[in-house]
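For what it's worth, our numbering labels the leading residue of the sequence shown as 154, then goes sequentially.
Please note that the accuracy of each hint is not assured.
To be verified - Straight-line distance between alpha carbons at most 25 angstroms, and here's what the computed DSS-like set of lysine-lysine pairs gives:
# : residue 1 : residue 2
1 : K221      : K269
2 : K269      : K281
3 : K406      : K223
4 : K158      : K281
5 : K188      : K221
6 : K188      : K173
To be verified - Listed next, with one range per pair, are the computed distances between beta-carbon atoms:
#  : residue 1 : residue 2 : range
7  : S315      : K158      : 16 to 26 angstroms
8  : T327      : Y216      : 38 to 48 angstroms
9  : K223      : Q257      : 22 to 32 angstroms
10 : E196      : V328      : 25 to 35 angstroms
11 : Q257      : K158      : 27 to 37 angstroms
12 : A251      : S356      : 17 to 27 angstroms
Source of the hints: derived by calculation from the structure; they are not laboratory data. Yeah, the Cβ is synthetic: ideal placement off N, Cα and C, and Gly gets one too.
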Amino acid sequence: MSKEKATLINDEEIRAALQKGAAYSPLAIRDVIAKGQELKGLELEELAALLWVDEPELIDEIYAGARKIKETIYGKRLVFFAPLYISDYCVNNCKYCAYKRDNQYPRRRLTMDELKEEVMAIQAMGHKRIALEAGEDPANCPIDYVIQAMDTIYETRSGNGSIRRINVNIAATTVEDYQKLKAADIGTYVLFQETYHRDTYRSIHDGPKADYDWHTTAMDRAIQGGIDDVGIGVLYGLYDWRFETVALLAHAKHLDRTYGIG
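Start from the sequences, fold in the hints, and give me the full structure.
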């Protein structure tokens, strides 16, 4: 599937950042916290430095700085969404996932009538945003089914109005498919990397998702397909959490540097 190697994650660069960050003094840590207040981002080793802190007083200062940044950007605002799983068919065999193909249970996907019932229930709870979720199965859950589901969700109305935003979390796909999601009025495209450590990634995935390069460059294709709001993340616990966090920043920096989306 992948045509190019994902070079945006450099293991040596991340490990070097972690090593340098571990040597930061308390004074240097406070300089990093102050720099964060400028809202211009941090370098990899600066983030790494924060991750090594174990002094309670400094940890409290990090939390206070993070809270100030959050409230400066977003205010005292919480955004809620309701997850809606439309299909549990999956061709992958990821070790950590209940959807994996070796788990033998009856698979199904929602009909449009069933989907309407789910949306009505979600609306009755007051939700206006949905996170659409599905396993990866091109035969049983193709992109056209996902688009039809999105159309149905937006069209379903109740006494509480309608769903205003659909964030979509589906497997890495092609630029053409991302263009279809954009045309269907996607909110945010969300795809967790699970782990940025290549060898660990390879050891826990089996199926189309095992292609590290295809998966890691998914956001590049999504942006090229016209989607201007993307969400990345990791599944902590698969590999070293400090490595994953610095790699996550490296990914965000790549998107910011290449497309102006951070």
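That 38 to 48 angstroms hint for T327 and Y216 (C-beta), does it hold up?
With a Cβ separation near 41 angstroms, T327 and Y216 satisfy 38 to 48 angstroms, so the hint holds.
Would you say the C-beta atoms of S315 and K158 sit inside 16 to 26 angstroms of each other?
violated (43 angstroms)
For K406 and K223, compute the direct alpha-carbon distance and say whether it is at most 25 angstroms.
Given that 25 angstroms is the threshold and the Cα spacing comes to 19 angstroms, the pair holds.
Quick one, are K188 and K221 close enough, alpha carbons at most 25 angstroms?
holds (12 angstroms)
Do the alpha carbons of K188 and K173 lie within 25 angstroms of each other, as the hint requires?
Holds - the C-alpha atoms of K173 and K188 are around 17 angstroms apart, at most 25 angstroms.
Given the hint of 25 to 35 angstroms, check if E196 and V328 actually sit that far apart at their C-beta atoms.
holds (31 angstroms)
Has the given pair, K158 with K281, been kept, meaning a C-alpha gap of at most 25 angstroms?
violated (39 angstroms)
Note whether the CB distance of K223 and Q257 lies within 22 to 32 angstroms or breaks it.
violated (44 angstroms)
Under the criterion that the straight-line Cα-Cα distance not exceed 25 angstroms, is the pair K269, K281 satisfied?
This hinted pair holds, its Cα atoms lying about 14 angstroms apart.
Within 17 to 27 angstroms: is that where the Cβ-Cβ distance between A251 and S356 falls?
Distance hint for A251, S356 holds at roughly 19 angstroms.
Do Q257 and K158 keep their Cβ atoms within the hinted range of 27 to 37 angstroms?
At 36 angstroms between Cβs, range holds.
Straight-line alpha-carbon gap K221 to K269, limit 25 angstroms
violated (40 angstroms)
Going through the hint list in order, the structure does not satisfy hints 1, 4, 7 and 9.
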